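Enquirer: With the sequences and hints as input, model every part of the structure.
In order, the protein sequence lines correspond to chains A and C.
At the far end of the first sequence sits residue 225, using the UniProt record's numbering, and the numbering has no gaps.
At the far end of the second sequence sits residue 775, using the UniProt record's numbering, and the numbering has no gaps.
No wet-lab data here; the hints were simulated from the structure.
Keep in mind that this is a model prediction, so the values were computed, not measured.
Among the clues, some could well be false.
[As the list claims (entries may be wrong)] If you want the footprint, here are the derived chain A segments under chain C, 3+ residues with CB under 8 Å: (1) 3-12; (2) 92-99; (3) 215-224.
[Unchecked claim] FRET-style restraints, in silico, Cβ to Cβ: (4) 332/C x 141/A: 47 to 53 Å; (5) 709/C x 73/A: 32 to 38 Å; (6) 215/A x 336/C: 55 to 61 Å.
[To be verified] Capping the alpha-carbon separation at 27 Å, the derived lysine-lysine pairs in DSSO-like fashion look like this: (7) 99/C x 584/C; (8) 236/C x 445/C; (9) 36/C x 263/C; (10) 3/A x 73/A; (11) 236/C x 119/A; (12) 409/C x 702/C; (13) 500/C x 198/C; (14) 698/C x 73/A; (15) 154/C x 144/C; (16) 161/A x 681/C; (17) 698/C x 119/A; (18) 119/A x 681/C; (19) 502/C x 549/C; (20) 502/C x 236/C; (21) 445/C x 469/C; (22) 198/C x 154/C; (23) 236/C x 469/C; (24) 200/C x 73/A.
Backbone N, C-alpha and C define an ideal beta-carbon position, used for all residues, glycine too.
This is what each chain is made of:
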Amino acid sequence: MIKITNLQKYYRTEEVETVALNNVNIHVKEGEFVAVMGPSGCGKSTLLNIVGLLDDLDEGSYLFNGTEVAKFKEGNRSNLRKHNIGFVFQSFNLIDELTVFENVELPLVYTNVPAAERKRRVEEVLEKVQIMHRRNHFPQQLSGGQQQRVAVARAVVNNPKLILADEPTGNLDSSNGNEVMHLLTELNEAGTTIVMVTHSEHDAKFADRVIRMLDGQVIMETSTV
Amino acid sequence: MKKKFYTAIHILGLSISLAASILIILWVQDERSFDKFHPDYERIYKVNSHLDPKNNGSIWGTSPGPVVNYAHTSRDVEFATRFSEDWNVTLVNDEKKHKVTGLKVGYGDSTFFDIFHFPLRAGSLTGFQTNYTHTLITESTAEKLFGSQDVIGKTFRWDDDLFFVSGILEDVPHNSSLQFDIMIPLGYLAKIFGGNGKWKTIDEDLGSYRFATYIKAKPNSSPDAISKVISDAFSKARDGETSTVFVLDPIKTMHLITPDGNKSSLRTVQIFSIIAILLLVIGAVNYVNLSTARALDRAKEVGIRKVIGASRTKLFFQFVIETIVVFCISLIIAFVLIFALQSGYSQIAQKSLSYSLYNSSMWLYIGLAIFGTLSLSSIYPAIQLSAFRPIESLKGKSLKQLTSNSIRKILVVFQFTISITLIVCTLVIKNQLTYIQQINLGYDKDHVLTLGLPDEAYKHIDAIRDELKSNSAIQGVSVTGVWNLTDYFHSTGDIDWPGKSKDNKLIVSQATIDQDFIPLMDIQLLEGKNFSGLPADSSGYIINETLAKQMGLTPPYVGASMSFHDIPGQIIGVVQDFHFKSVKEQIGPMVFWTRWGAGTLYVKTTTDQAQQAIKALETIYNRYPSDVPFSYTFIDEQFDNLYKTEQRTGLLFNIFSGIAIFISALGLFALATHEAQTRVKEIGIRKVLGASVFGVVKLLGKNFIVLVCIAILIACPAALYLMNQWLGNFAYKTDLSIWTFVAGSVIAIGIAMITISYQAIRAARANPVDSLRDE
Numbered sequence: 001m002i003k004i005t006n007l008q009k010y011y012r013t014e015e016v017e018t019v020a021l022n023n024v025n026i027h028v029k030e031g032e033f034v035a036v037m038g039p040s041g042c043g044k045s046t047l048l049n050i051v052g053l054l055d056d057l058d059e060g061s062y063l064f065n066g067t068e069v070a071k072f073k074e075g076n077r078s079n080l081r082k083h084n085i086g087f088v089f090q091s092f093n094l095i096d097e098l099t100v101f102e103n104v105e106l107p108l109v110y111t112n113v114p115a116a117e118r119k120r121r122v123e124e125v126l127e128k129v130q131i132m133h134r135r136n137h138f139p140q141q142l143s144g145g146q147q148q149r150v151a152v153a154r155a156v157v158n159n160p161k162l163i164l165a166d167e168p169t170g171n172l173d174s175s176n177g178n179e180v181m182h183l184l185t186e187l188n189e190a191g192t193t194i195v196m197v198t199h200s201e202h203d204a205k206f207a208d209r210v211i212r213m214l215d216g217q218v219i220m221e222t223s224t225v
Numbered sequence: 001m002k003k004k005f006y007t008a009i010h011i012l013g014l015s016i017s018l019a020a021s022i023l024i025i026l027w028v029q030d031e032r033s034f035d036k037f038h039p040d041y042e043r044i045y046k047v048n049s050h051l052d053p054k055n056n057g058s059i060w061g062t063s064p065g066p067v068v069n070y071a072h073t074s075r076d077v078e079f080a081t082r083f084s085e086d087w088n089v090t091l092v093n094d095e096k097k098h099k100v101t102g103l104k105v106g107y108g109d110s111t112f113f114d115i116f117h118f119p120l121r122a123g124s125l126t127g128f129q130t131n132y133t134h135t136l137i138t139e140s141t142a143e144k145l146f147g148s149q150d151v152i153g154k155t156f157r158w159d160d161d162l163f164f165v166s167g168i169l170e171d172v173p174h175n176s177s178l179q180f181d182i183m184i185p186l187g188y189l190a191k192i193f194g195g196n197g198k199w200k201t202i203d204e205d206l207g208s209y210r211f212a213t214y215i216k217a218k219p220n221s222s223p224d225a226i227s228k229v230i231s232d233a234f235s236k237a238r239d240g241e242t243s244t245v246f247v248l249d250p251i252k253t254m255h256l257i258t259p260d261g262n263k264s265s266l267r268t269v270q271i272f273s274i275i276a277i278l279l280l281v282i283g284a285v286n287y288v289n290l291s292t293a294r295a296l297d298r299a300k301e302v303g304i305r306k307v308i309g310a311s312r313t314k315l316f317f318q319f320v321i322e323t324i325v326v327f328c329i330s331l332i333i334a335f336v337l338i339f340a341l342q343s344g345y346s347q348i349a350q351k352s353l354s355y356s357l358y359n360s361s362m363w364l365y366i367g368l369a370i371f372g373t374l375s376l377s378s379i380y381p382a383i384q385l386s387a388f389r390p391i392e393s394l395k396g397k398s399l400k401q402l403t404s405n406s407i408r409k410i411l412v413v414f415q416f417t418i419s420i421t422l423i424v425c426t427l428v429i430k431n432q433l434t435y436i437q438q439i440n441l442g443y444d445k446d447h448v449l450t451l452g453l454p455d456e457a458y459k460h461i462d463a464i465r466d467e468l469k470s471n472s473a474i475q476g477v478s479v480t481g482v483w484n485l486t487d488y489f490h491s492t493g494d495i496d497w498p499g500k501s502k503d504n505k506l507i508v509s510q511a512t513i514d515q516d517f518i519p520l521m522d523i524q525l526l527e528g529k530n531f532s533g534l535p536a537d538s539s540g541y542i543i544n545e546t547l548a549k550q551m552g553l554t555p556p557y558v559g560a561s562m563s564f565h566d567i568p569g570q571i572i573g574v575v576q577d578f579h580f581k582s583v584k585e586q587i588g589p590m591v592f593w594t595r596w597g598a599g600t601l602y603v604k605t606t607t608d609q610a611q612q613a614i615k616a617l618e619t620i621y622n623r624y625p626s627d628v629p630f631s632y633t634f635i636d637e638q639f640d641n642l643y644k645t646e647q648r649t650g651l652l653f654n655i656f657s658g659i660a661i662f663i664s665a666l667g668l669f670a671l672a673t674h675e676a677q678t679r680v681k682e683i684g685i686r687k688v689l690g691a692s693v694f695g696v697v698k699l700l701g702k703n704f705i706v707l708v709c710i711a712i713l714i715a716c717p718a719a720l721y722l723m724n725q726w727l728g729n730f731a732y733k734t735d736l737s738i739w740t741f742v743a744g745s746v747i748a749i750g751i752a753m754i755t756i757s758y759q760a761i762r763a764a765r766a767n768p769v770d771s772l773r774d775e
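Expert: Encoded structure:
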């Protein structure tokens, strides 16, 4: 599903050019659950952003489902993104002014799903993450674990083929963290490809494969299965 | 960096609004200061003549000569004087063979300086009060005419008369309604008066309303009692055969209210005063809006300060002092702006404004303005900011209370209401000015120039006419008594016709013309024929439609009898109505006849041949001796002069609405910037989830556009009301079209959208990765 070859990514300031990612090659098959690990600043989040088409790469090739997307314009990227990729962030990134229901509904609004269909799908996914009873609450009225479940619901409501999770349990206590990891595992078992950046060895064990990075390079790949 | 940006916007908005309002206030102050430099100005009145008040007759600012003597008989009157003037006079200093043109001559009775305060610099008033050839001249006239100030006893010539300088006056201040360069005793006019029928002297002449009569009342006297004494005496002198009543008009309002009670100048001054205040308020509103918006960012600072022990009072003063500093900087920039704009502004305002840092009343206004703005713009935000609870503001909770703060929204609505009102007013004024420019005047004013000839030339006028007519550059020539066709005042009640009722006090305009005038001006003859140039013309009258109707005649009008100044004759033609006064006034009744003297030459030429025609005229002019240099005016220019006030109002409205919308847009820009900054994370999330750039712009713009729409709803009725009032000054006016309001609204929305979208597009195009980074 994802085939990245010879990826180079630089960050430029006025004086210095830092290599963020250096000659990275990654291949993720459909239905896989991959964890990306490494110390802070090793480039794993940058990699995730590139995979999620939020950031562009400077050199190299990126095949998404066989299509070269490295040179895609913003419009095409946005289009591809909203139909195929769901995101889960460490800090949840829910919109404070919107209710749980409205937050989850948002991706469907942007893909022009009719209102009735939206309602059905949002309710279905809220049931699935067991937060239906809080549908009219605002994010700040929920606990961290509940907020992350809403975020996961939002990520999957469009039935994306790929979920990108950036430290999904980073802001959660262990029991809430586990809940979220089980949720992701369930989704993976149902066929969704997942790429997750994490610091936690415990969380990494939920993945099929672990990619370890250091200073912008992939240094090791291990299978956990 | 952020802080600098907001401070810059604060200062820019405040200094522009301060500068604009101070400039307007200076103008207003100047307009209101007219004629108030005379001591006891509260007791000085002008005697206005109300002709036939029962039938809504006109009110004139002039009165017959004897009125001054009637006034003296009232025990409530301390002094009374007459005043008259001659403009564009040429005086000659024979000693130096030097002449000065374009001077204003004033005539006054010996009591003139007992009422009015025009300080004497040198010489004495005695000559002026006793001998009609002894004059007073102003300092700059002395300089112009003699090249020195030491001129007491020197002589100058006006036409054939010799005058002495017996005193030098300070220059007449510009804010005086009475303007003159030379003051000649009124006795001179009495001497050259040729009589008016049975009345042989100006002190007997009850027929011509040619003087402005001023009186100074005794303290605590009643103006009504004085006007009754004058009216009664006049009525008695006319054996009861008059309906004219005299009313006293205080000179303190004389500049802004015309004798007939037209307050349009006063309105303009009032409107501008309001605009000055509104501009200041708009600037202050920006400050309030931005301060409260910035409070979001500052809440944390306040929280920390409170945690480390700052009291509410201390914080309150911190914010007030910050405001005062910003305000002082703005004031300095405003002064710089005023200095920079002063000359341009004086030109627009058509007066040299007495702007000086020593002007105490200006400081009073500025002080009031600053106090008002300061209270509005600092105390409110300061109370709000200092009231934050530390824990909540550290957690970011008070942010929410402030974001939803509806006061800010109300203030934005307020600003835009003012801006849109001004924009719509500007558009209406522009429409009316265009309407005036394009109105069918009933004659063709293009390429016609007018001029007066030296007295000697009129003895050979037929030869001159023929000579000019044979010039290929000249299409037509006419000699008439109409000195200015666009604004012609010469009227009489001396008209009679069979069947005229006894209490009919019809006043008609009268003009002496020749057979060439009507075709030259392309005035349409509806019925009958033009004058022929033959002696038979002397018993013929050509009238306009309005007069025909007001006389109650039935068509055909030609052949009907009428007498004019007791000369019986017949109507030989009727012309279509044409505008011989400002379009502010209804077209009145008009009589053309051929009998009286005609001194104005009308010459029709073409664009290409105008120079050639002017040259021919100059050659003829210079053949005859005259102190007055050759000069001419195109009717086009006279027409433009007539509407100068309106043009100026239009221009000022353009500027004011420009400033208002600019300051409002500045505020909106800062608010939009702030909105984009506070919602940067949300925008990032939405973009990750698939929102388009347009979607984000819409999201950010929506709220502001709603506010502007509310402003439109309030502004349109306000503008409608104001402009109905303003257009009420015009007898002929454009319709208030819905499209003007639509256009005004579209402009406002457009400006708001442009303002917002810059920030919105920037926010929408930003890489969401930057805003969503957790670190």
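Enquirer: Next step is simple, just say for each hint if it's right about the structure.
Expert: Verification of the hints:
1. 3-12: violated (count 0)
2. 92-99: With 5 residues in contact (Cβ-Cβ under 8 Å with chain C), the coverage given for the stretch 92-99 of chain A holds.
3. 215-224: violated (count 0)
4. 332/C x 141/A: 47 to 53 Å: 50 Å, holds
5. 709/C x 73/A: 32 to 38 Å: At roughly 35 Å between Cβ atoms, residue 73/A and residue 709/C fall inside 32 to 38 Å, so the hint holds.
6. 215/A x 336/C: 55 to 61 Å: Given about 56 Å between the Cβ atoms, the range holds.
7. 99/C x 584/C: 39 Å, violated
8. 236/C x 445/C: Since the Cα atoms of residue 236/C and residue 445/C sit roughly 46 Å apart, the hinted pair is violated (cutoff 27 Å).
9. 36/C x 263/C: 18 Å, holds
10. 3/A x 73/A: 19 Å, holds
11. 236/C x 119/A: Distance of about 96 Å is beyond 27 Å: violated.
12. 409/C x 702/C: 13 Å, holds
13. 500/C x 198/C: Holds, because 24 Å separates the two Cα atoms, which is no more than 27 Å.
14. 698/C x 73/A: Within the cut-off at roughly 22 Å; holds.
15. 154/C x 144/C: 14 Å, holds
16. 161/A x 681/C: The hint holds at about 25 Å.
17. 698/C x 119/A: 24 Å, holds
18. 119/A x 681/C: Status holds; Cα separation ~25 Å.
19. 502/C x 549/C: 18 Å, holds
20. 502/C x 236/C: At roughly 20 Å apart (the allowed maximum being 27 Å), residue 236/C and residue 502/C satisfy the hint.
21. 445/C x 469/C: Distance of about 19 Å is within 27 Å: holds.
22. 198/C x 154/C: Violated, at about 39 Å.
23. 236/C x 469/C: Measuring from Cα to Cα gives roughly 53 Å; hence the hint is violated.
24. 200/C x 73/A: 99 Å, violated
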